[in-house]
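Just so you know, the numbering used here puts 433 at position 437 of the sequence shown, and the rest follows in order with no gaps.
Hints listed in this document are in silico derivations from the structure and should not be mistaken for laboratory results. All values reported here derive from a predicted model rather than from experimental measurement. For every residue, glycine included, the Cβ atom is placed at its ideal position computed from N, Cα and C. There may be inaccurate statements among the hints.
[Claimed, not checked] In the BS3-like style, the derived pairs of lysine-lysine whose C-alpha atoms are separated by at most 25 Å in a straight line are:
| # | residue 1 | residue 2 |
| --- | --- | --- |
| 1 | 184 | 81 |
| 2 | 81 | 231 |
| 3 | 410 | 437 |
| 4 | 184 | 231 |
| 5 | 437 | 387 |
| 6 | 226 | 42 |
| 7 | 184 | 226 |
| 8 | 42 | 231 |
| 9 | 226 | 81 |
| 10 | 387 | 348 |
[As the list claims (entries may be wrong)] So the derived label-pair ranges between C-beta atoms look like this:
| # | residue 1 | residue 2 | range |
| --- | --- | --- | --- |
| 11 | 387 | 292 | 19 to 27 Å |
| 12 | 167 | 250 | 47 to 55 Å |
| 13 | 271 | 101 | 50 to 58 Å |
| 14 | 165 | 477 | 27 to 35 Å |
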Amino acid sequence: MNRKDKGLAGAIRQPISRRKFMKFAAATGASTYLLSHVHAQEQEIKRGGTLRVAFTSSPNEFDPALGTSFEDYNASFAIYESLIKIDASLSPRPGLATAWENSDDALTWVFHLREGVMFHDGSSLGAGDAAHSINRLLDETVGSPLRTPLAFIDSAEALDEMRVQVNLNSPNGDLPLLLGAPQAKIVKEGSSSEDLRATPNGTGPFKLVEHLPGSHTLFEANADYWDEGKPYLEKLRFVAMPEAATQVAAISGGQIDFIWALGSENIPLLERTRNVSVLQVPSGAYQTIAFNAEMEPFDDPRVREAIKLCVDREGMLQAVLQGRGNVANDHPIPAFNAFYHDMPIRQRDPVKAKALLVEAGYENGLDLTLTTSTVRPGLIESAVALQEMAKEAGINISIDRVPPDNFWSEYWMKRPFFCSNWGMRPSIDETFMVAYHSEAKWNEGFYRDAELDAAIEAGRTASDPEIRKGHYAKAQELLHDRGGVVISYFRPVLQAHRDNVEGFNPHPAAWLYLAETWLS
-3 MNRKDKGLAG
7 AIRQPISRRK
17 FMKFAAATGA
27 STYLLSHVHA
37 QEQEIKRGGT
47 LRVAFTSSPN
57 EFDPALGTSF
67 EDYNASFAIY
77 ESLIKIDASL
87 SPRPGLATAW
97 ENSDDALTWV
107 FHLREGVMFH
117 DGSSLGAGDA
127 AHSINRLLDE
137 TVGSPLRTPL
147 AFIDSAEALD
157 EMRVQVNLNS
167 PNGDLPLLLG
177 APQAKIVKEG
187 SSSEDLRATP
197 NGTGPFKLVE
207 HLPGSHTLFE
217 ANADYWDEGK
227 PYLEKLRFVA
237 MPEAATQVAA
247 ISGGQIDFIW
257 ALGSENIPLL
267 ERTRNVSVLQ
277 VPSGAYQTIA
287 FNAEMEPFDD
297 PRVREAIKLC
307 VDREGMLQAV
317 LQGRGNVAND
327 HPIPAFNAFY
337 HDMPIRQRDP
347 VKAKALLVEA
357 GYENGLDLTL
367 TTSTVRPGLI
377 ESAVALQEMA
387 KEAGINISID
397 RVPPDNFWSE
407 YWMKRPFFCS
417 NWGMRPSIDE
427 TFMVAYHSEA
437 KWNEGFYRDA
447 ELDAAIEAGR
457 TASDPEIRKG
467 HYAKAQELLH
477 DRGGVVISYF
487 RPVLQAHRDN
497 VEGFNPHPAA
507 WLYLAETWLS
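Can you build the whole structure from these sequences, using the hints too?
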């Protein structure tokens, strides 16, 4: 094992326990496809064809640094690539970097770039491109949501044509995982957001050829892709289908090949549908009910606690996922994560919730409006479930169902009380820094706590795994006790595809790597 491998293995043992993850997968019975089907492809690869993938809405952002939705992320995985690729076992693998090593003090990392890679415009990949891409993630004027998680990076610089050096201000073993994040794609040196939106220019297996918001996004195979012979598909089409029933009818009738996010209520029907397979992959994905902790009445911690006490977590799991998944405890770390902190699950107690409301000055109860959408399966169901659960505590919730197409841009984090969706992040550092630190761009609960910040910051810099685990345990406790979100369940990745879709390897973060997918 060389120096690069040692550093990599150490990084992985800290943020995610692969053994726990795979054991969890086997125990839940959710891993059949992940553990066997994807390794059973023995047919001869057939080239060509168009893979049609249904999403609830269209991508809105083609500058990968600014991606906010899974539609954005998966478009970027088609067009662009990162230095590091995070595989389905949550391990960092070579991407545009073939090797990397860090200094003895872990403050300097050097990444060796892959030879013979070209951007879609025909220019060659070089270290200047990688340095530019990392530095723009750190640029406040660019506004990437990854800027706060990467705050431990001072700068990136090209050492020569094919080596880029990343300089840190504090050690962080999660760096390889963070450089595999959806926003950390490599773009051409000098590229601006305006350039990338007008003409997306990456090194990925597909090129963007047409984008009609609300209808479809069409990609064609990159004939000059560095991985010779790939992609196998000729074209890739993302189709916007806001309604789950429309997606189910389309895949059943052969109008689409793949449903990216499947509601659990549709699984029994599709399991009985000829030529369609359902994928269930264990994940740390979760959905939140968020309240703006800087606005009345949610600025009162007693009100936040009262709402959390209304939630029957097992009941929510049944209502939203028909029992597929696991209960959560108002923090984002699942039980298979090496940093999971085991503490008593908050139990439903409407009597105590009502008493807290009286104490907070709401003797006659509380009237609230909860914004939700069909933008992700489960968000409507979780809103309806909370509405019923809260009545006994005197909390009357009206539900505002808004369109999926502009949910993220017009409603998310702009309403004081709303439902939200989070995919799994392989790095515990990113999990906390992207959404729960005071400076996080996506701090959707608007909860800012110096003690929580200190625990998160200490966890990301500690080198001893047990000390690090202690800091993240504190962060989980603080979020559970004071935070601005309800997290009542972890959901698996649920997808469906027609049986002629071959070579697809599902990912627990719901990322689509499609260079090796083909149609039989």
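Structure-based check of each hint:
1. 184 x 81: Holds, because 19 Å separates the two Cα atoms, which is no more than 25 Å.
2. 81 x 231: Status holds; Cα separation ~22 Å.
3. 410 x 437: holds (13 Å)
4. 184 x 231: Roughly 24 Å separates the two Cα atoms, so the pair holds.
5. 437 x 387: violated (33 Å)
6. 226 x 42: This hinted pair holds, its Cα atoms lying about 11 Å apart.
7. 184 x 226: Given that 25 Å is the threshold and the Cα spacing comes to 22 Å, the pair holds.
8. 42 x 231: holds (13 Å)
9. 226 x 81: Holds: residue 226 and residue 81 sit about 16 Å apart, inside 25 Å.
10. 387 x 348: holds (13 Å)
11. 387 x 292: 19 to 27 Å: holds (21 Å)
12. 167 x 250: 47 to 55 Å: Once the Cβ atoms are compared, 52 Å apart, the range 47 to 55 Å for residue 250 and residue 167 holds.
13. 271 x 101: 50 to 58 Å: At roughly 56 Å between Cβ atoms, residue 101 and residue 271 fall inside 50 to 58 Å, so the hint holds.
14. 165 x 477: 27 to 35 Å: holds (31 Å)
Hint violations for this structure: number 5 only, all remaining hints satisfied.
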